[in-house]
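Engineer: Please model the entire structure based on the sequences and the hints provided.
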Amino acid sequence: MEKQHSWPLWEIFIRSKQGLDHKHVGSLHAADAAMAIENARDVYTRRMEGVSIWVVESKYIHASNPDDAAAFYDPANDKVYRHPTFYDLPDELKHM
Amino acid sequence: MKARHLINYTLHLADNALVLGHRNSEWTGHGPILEQDIALSNIALDLIGQARYLYQYAARLMNAAGDAKSPVTEDQLAYLRDSWDFRNCLLVEQANGDWGTTIVRQFLFSAWQYYFYRELRGSRDGELSAIAEKSLKEVTYHLRWSGEWVIRLGDGTEESHARMEKALDQLWMYTGELFLPADYEQWLVPAGIAVDLAQVQPLWAARVQEVLKEATLTVPTAMAQKGGKQGRHTEQLGYLLAEMQFLQRAYPGCEW
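Here the protein sequences come in this chain order: A and B. Residue numbers for the first sequence follow the working numbering, beginning at 86 and rising by one. Residue numbers for the second sequence follow the working numbering, beginning at 77 and rising by one.
Please keep in mind that the hints were generated in silico from the structure rather than gathered at the bench. Check the hints yourself; a few may be wrong.
Using 25 Å as the maximum straight-line C-alpha spacing, the simulated SDA-like pairs for lysine to any residue come out as follows [to be verified]:
hint: 1; chain 1: A; residue 1: 108; chain 2: A; residue 2: 143
hint: 2; chain 1: B; residue 1: 210; chain 2: A; residue 2: 136
hint: 3; chain 1: B; residue 1: 289; chain 2: A; residue 2: 116
hint: 4; chain 1: A; residue 1: 102; chain 2: B; residue 2: 114
hint: 5; chain 1: B; residue 1: 210; chain 2: A; residue 2: 137
hint: 6; chain 1: B; residue 1: 78; chain 2: B; residue 2: 158
hint: 7; chain 1: B; residue 1: 242; chain 2: B; residue 2: 106
hint: 8; chain 1: B; residue 1: 210; chain 2: A; residue 2: 130
hint: 9; chain 1: B; residue 1: 213; chain 2: B; residue 2: 132
hint: 10; chain 1: B; residue 1: 210; chain 2: A; residue 2: 101
hint: 11; chain 1: B; residue 1: 213; chain 2: A; residue 2: 126
hint: 12; chain 1: A; residue 1: 108; chain 2: B; residue 2: 118
hint: 13; chain 1: B; residue 1: 213; chain 2: B; residue 2: 129
hint: 14; chain 1: A; residue 1: 102; chain 2: B; residue 2: 210
Just a few of them, taken from the derived set where beta-carbon distance is under 10 Å, the chain A residues facing chain B [as the list claims (entries may be wrong)]:
hint: 15; residue: 92
hint: 16; residue: 114
hint: 17; residue: 123
Cβ-Cβ distance ranges computed for the label pairs, FRET-style [what the hints assert, rightly or not]:
hint: 18; chain 1: A; residue 1: 139; chain 2: B; residue 2: 141; range: 46 to 54 Å
hint: 19; chain 1: A; residue 1: 148; chain 2: B; residue 2: 172; range: 55 to 63 Å
hint: 20; chain 1: A; residue 1: 102; chain 2: B; residue 2: 106; range: 32 to 40 Å
hint: 21; chain 1: B; residue 1: 136; chain 2: A; residue 2: 102; range: 33 to 41 Å
hint: 22; chain 1: B; residue 1: 203; chain 2: A; residue 2: 102; range: 25 to 33 Å
hint: 23; chain 1: A; residue 1: 148; chain 2: B; residue 2: 213; range: 32 to 40 Å
hint: 24; chain 1: A; residue 1: 116; chain 2: B; residue 2: 295; range: 22 to 30 Å
hint: 25; chain 1: B; residue 1: 289; chain 2: A; residue 2: 118; range: 21 to 29 Å
hint: 26; chain 1: B; residue 1: 275; chain 2: A; residue 2: 180; range: 56 to 64 Å
hint: 27; chain 1: B; residue 1: 318; chain 2: A; residue 2: 147; range: 50 to 58 Å
hint: 28; chain 1: B; residue 1: 312; chain 2: A; residue 2: 142; range: 34 to 42 Å
hint: 29; chain 1: B; residue 1: 213; chain 2: A; residue 2: 141; range: 21 to 29 Å
hint: 30; chain 1: B; residue 1: 323; chain 2: A; residue 2: 153; range: 54 to 62 Å
Glycine included, C-beta positions come from ideal geometry on N, C-alpha and C.
Structural biologist: Structure (structure tokens):
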């Protein structure tokens, strides 16, 4: 039975007309990359959401472990000097 | 006379799209996998959309010709005509069967529709030409999608290959009719309005053979069944219409 439902899972990234970068929109099942792109077209771009599609087989995505969150991210909290907010910017400089 | 032929021609194209669209919609909720259920439902919606443009145009032509007592609407054309009034090809009314049969039916028809619409873009009838232009983009995808499935299943497992061969054998006899001009077409071709099917046939055959070869499937030879374009249908259409038209027949004018 396992074999019947063994199409791999794919993560779908879509670039919308407005955005410059591809954004993760969800995942779906497909037998191969070509089918994954077509499925993504049918499932995720029906309402004109996108102009470009990327697909990556989910098994190739490596994720950080939520249990590591404290060690990973908390130390940044008290290090405001890492933000470039301590410089006096000349008035002529805009858009910073 | 020309107006009558143009009405019949437009209805023929509309009925092709509606009947296949309805057949495909029968898969909604029953597809082999969610993603493909959505894919085929999208194709169904594309086809029903094409049918609407064509029925709206046919209704305008009929109202202009003034042969109906009250104004004709697209809904009446879809829901209140009987099977002998429908002018769709026999291919599109054939039952869904298994997934492979549905795929073969879609592929054979999309290949025809693709080259047909390409020609129809050059029609002297501005309305038909515009509908062809818009529909061609949709059909390009239908042909790609169904062609890839033909290859996937034909060149797949022993089981899928056998089923595809069977589906091809079942449906092939309905492809000859796609290239037999009905009386209304014979009138409209010289006027530059209808597509000359003799132009479409070799393009269709080449594309179909190319895909079937890659799918390791044999091109069948079978006697051509015909009659759909003149309103003589297989028993399949009656069942389809009974289901599709039930609501409007039981509750005339019902809206929701």
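Engineer: Determine for every hint whether it applies to the structure shown.
Structural biologist: Cross-check of the supplied hints:
{"no.": "1", "hint": "108/A with 143/A", "in the structure": "holds, 15 Å"}
{"no.": "2", "hint": "210/B with 136/A", "in the structure": "holds, 19 Å"}
{"no.": "3", "hint": "289/B with 116/A", "in the structure": "holds, 22 Å"}
{"no.": "4", "hint": "102/A with 114/B", "in the structure": "holds, 23 Å"}
{"no.": "5", "hint": "210/B with 137/A", "in the structure": "holds, 21 Å"}
{"no.": "6", "hint": "78/B with 158/B", "in the structure": "holds, 24 Å"}
{"no.": "7", "hint": "242/B with 106/B", "in the structure": "holds, 22 Å"}
{"no.": "8", "hint": "210/B with 130/A", "in the structure": "holds, 18 Å"}
{"no.": "9", "hint": "213/B with 132/B", "in the structure": "holds, 20 Å"}
{"no.": "10", "hint": "210/B with 101/A", "in the structure": "holds, 22 Å"}
{"no.": "11", "hint": "213/B with 126/A", "in the structure": "holds, 14 Å"}
{"no.": "12", "hint": "108/A with 118/B", "in the structure": "holds, 23 Å"}
{"no.": "13", "hint": "213/B with 129/B", "in the structure": "holds, 15 Å"}
{"no.": "14", "hint": "102/A with 210/B", "in the structure": "holds, 21 Å"}
{"no.": "15", "hint": "92", "in the structure": "holds, 7 Å"}
{"no.": "16", "hint": "114", "in the structure": "holds, 6 Å"}
{"no.": "17", "hint": "123", "in the structure": "holds, 6 Å"}
{"no.": "18", "hint": "139/A with 141/B: 46 to 54 Å", "in the structure": "holds, 53 Å"}
{"no.": "19", "hint": "148/A with 172/B: 55 to 63 Å", "in the structure": "violated, 41 Å"}
{"no.": "20", "hint": "102/A with 106/B: 32 to 40 Å", "in the structure": "holds, 34 Å"}
{"no.": "21", "hint": "136/B with 102/A: 33 to 41 Å", "in the structure": "holds, 34 Å"}
{"no.": "22", "hint": "203/B with 102/A: 25 to 33 Å", "in the structure": "holds, 30 Å"}
{"no.": "23", "hint": "148/A with 213/B: 32 to 40 Å", "in the structure": "holds, 38 Å"}
{"no.": "24", "hint": "116/A with 295/B: 22 to 30 Å", "in the structure": "holds, 26 Å"}
{"no.": "25", "hint": "289/B with 118/A: 21 to 29 Å", "in the structure": "holds, 23 Å"}
{"no.": "26", "hint": "275/B with 180/A: 56 to 64 Å", "in the structure": "holds, 59 Å"}
{"no.": "27", "hint": "318/B with 147/A: 50 to 58 Å", "in the structure": "holds, 55 Å"}
{"no.": "28", "hint": "312/B with 142/A: 34 to 42 Å", "in the structure": "holds, 41 Å"}
{"no.": "29", "hint": "213/B with 141/A: 21 to 29 Å", "in the structure": "holds, 28 Å"}
{"no.": "30", "hint": "323/B with 153/A: 54 to 62 Å", "in the structure": "holds, 58 Å"}
Hint 19 from the list above is the single one not met by this structure.
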